[in-house]
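Chemist: Note that the protein sequences, when read in sequence, are chains R and G.
Just so we're aligned, residue 5 is where the first sequence starts under the numbering used here, counting upward by one.
Just so we're aligned, residue 716 is where the second sequence starts under the numbering used here, counting upward by one.
Bear in mind the hints are in silico, worked out from the structure with no lab data behind them.
Don't take every hint at face value.
Capping the alpha-carbon separation at 27 angstroms, the derived lysine-lysine pairs in DSSO-like fashion look like this [as the list claims (entries may be wrong)]: (1) R:K56 <-> R:K107; (2) R:K7 <-> G:K728; (3) R:K56 <-> R:K7; (4) R:K73 <-> R:K7; (5) R:K56 <-> G:K728; (6) R:K107 <-> R:K73.
Partner residues aside, some chain G positions facing chain R, computed with beta carbon under 8 angstroms [said to hold, decoys possible]: (7) G743; (8) E767; (9) T768; (10) S780; (11) F821.
Cβ coordinates follow ideal geometry from the N, Cα and C atoms, glycine included.
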Amino acid sequence: DAKTTQPTSMDCAEGRAANLPCNHSTISGNEYVYWYRQIHSQGPQYIIHGLKNNETNEMASLIITEDRKSSTLILPHATLRDTAVYYCIVRVAQAGTALIFGKGTTLSVSS
Amino acid sequence: KAGVTQTPRYLIKTRGQQVTLSCSPISGHRSVSWYQQTPGQGLQFLFEYFSETQRNKGNFPGRFSGRQFSNSRSEMNVSTLELGDSALYLCASSPGQGSLGYEQYFGPGTRLTVT
């Protein structure tokens, strides 16, 4: 699986958009980008995933660059409850369910 | 739908003992994966079971084992506990269809403390 690079921490004001970047310059053509988050002392929560097109769901939007070497997770209106560690994971879809978690980005949302 | 449940939520054991943790996946899900989370190593994949067969295994010693039952419920066992086994053990379930992409749904975890 391709390696990802994320900033260690980010801050965001409540109500503003949170844009979390992820670099995955060695991504292969059949690898997807997944985003999970983990709120303190809870299990990780799936947010969104994509291959090459931008994706949006009720939680977030995922923007993948045309060369697929980086992506951005966007939380359009961050709330205090979005404070969590966000993990960007790149992997082949059919390779079982094993997820390789890095250190992630700690997002702190403040009022 | 009910989420993933894990029992017990908290556990204290002594070095050398063994422990069994249980996980009930979301109804209809056939794949169960286990992860260990520690402050030092972060989230690490232990193993995955699909239709009662271990499909994938992480880099953990043989003291860590698991199984899955016909109803998809899964257990993991750690024998001869060491202090370093103190961790949050997370279970995740997924449909296991293996098509376009997996979404895994995690349980709340079992906090194991080894003294």
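Chemist: All hints are to be evaluated individually against the structure, with a verdict given for each.
Modeler: Each hint, compared with the structure:
| no. | hint | in the structure |
| --- | --- | --- |
| 1 | R:K56 <-> R:K107 | 24 angstroms, holds |
| 2 | R:K7 <-> G:K728 | 36 angstroms, violated |
| 3 | R:K56 <-> R:K7 | 17 angstroms, holds |
| 4 | R:K73 <-> R:K7 | 11 angstroms, holds |
| 5 | R:K56 <-> G:K728 | 47 angstroms, violated |
| 6 | R:K107 <-> R:K73 | 19 angstroms, holds |
| 7 | G743 | 15 angstroms, violated |
| 8 | E767 | 15 angstroms, violated |
| 9 | T768 | 11 angstroms, violated |
| 10 | S780 | 17 angstroms, violated |
| 11 | F821 | 3 angstroms, holds |
In the structure shown, a violation is registered for the earlier hints numbered 2, 5, 7, 8, 9 and 10, in ascending order.
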